[in-house]
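Engineer: Sequence:
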Amino acid sequence: MCSLRMVVLCVVVAFALTLLGPCPSVCAPQGGAEPDEQPYDLVDFDMNGETDWENLDLNGENYDYEDLDQEIEVGTVAPPAPETPPPANMPPPEYEEEMTLSPRPTPPLAPVTLDFKGPGLFGPDTGLDKLKSIDLTGNQISGVDEDAFRPLPQLQDILLADNNLQALPELPPTLRYIDVRNNRLISNGLHTDGFKEMSLLEFLYLSDNKLDYIPVPLPESLRVLHLQNNNIQNLHVDTFCNSHDRNYIRRSLEDIRLDGNPVNINLYASSYICLPRLPIGSH
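Numbering (mature numbering (1 follows the signal peptide of the UniProt record, and there is no 0)), first residue to last: -18 to -1, 1 to 265.
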């Protein structure tokens, strides 16, 4: 029992020396002052005695950690962060309302007359004199100046369908494709021999107008001729063929539409005997 007590006592002494450090004089009271409390007797120390181990002060002083926050001084305060300027592409505040306005609807334009008098839209100074195709479909155009297309020596295709034209202006002889369907064209509104010199013309669409007869003579290059829904009442022998040449054959013209006209094509067999295909129409 004595040996066990000595072992425990040695452990406590070693632990106390470790906490006190190598120099006991550092922890001893200075100036010869007597300690307020009696020192522990390490020889006759009673391990079984009443000792407050939780509040045992091994360093000889107590430290109040609650006053730690009060003793800390704040040196300098960090400067406030600089304000970030707005992006360069942001508009000023006075334009904000203007940007959020809804666009006003623009009413569609409905021109009734296409006027190219003088140099016109296609004059030599406009840079459009080399046009090869013009499409003015569905614009409710009721008139075109007579000289409108003269400054266009390279024009090949012209589309004027779905308008209100009653007459056609002078057309350039270089045309290959003409579409004037669904207008109000009358026979007197077409130039006499207006298509004769068009040696390159292949497609001619004249349907849904008010024509009384087929505009002749037609160029040999023509492949398609649509005249349905007009007011054509008769055909002539020379409309498509050559009455002076019984061996004449118009080989290119393969698509002729005459349906919707008050003409019975059975009564004019000699008018299309030279064609590779019979016209489509009332029989």
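Hints are computed from structural coordinates only; laboratory data are not their basis.
Don't take each hint at face value.
Keeping only pairs whose Cα atoms sit at most 27 Å apart, straight-line, the calculated DSS-like set for lysine-lysine is [unchecked claim]:
1) LYS112 <-> LYS178
2) LYS112 <-> LYS192
3) LYS178 <-> LYS192
Engineer: Hint by hint, note whether the structure agrees.
Structural biologist: Each hint tested on the structure:
Between LYS112 and LYS178, the direct Cα distance comes to roughly 23 Å. Compliance with the 27 Å bound is thereby established for this hinted pair. For the suggested pair LYS112 and LYS192, the alpha carbons sit about 33 Å apart, so the restraint of at most 27 Å is broken. A C-alpha spacing of about 21 Å is found between LYS178 and LYS192, which places the hinted pair at or below 27 Å, so the restraint holds.
Consistency with the previously given hints fails for number 2 only.
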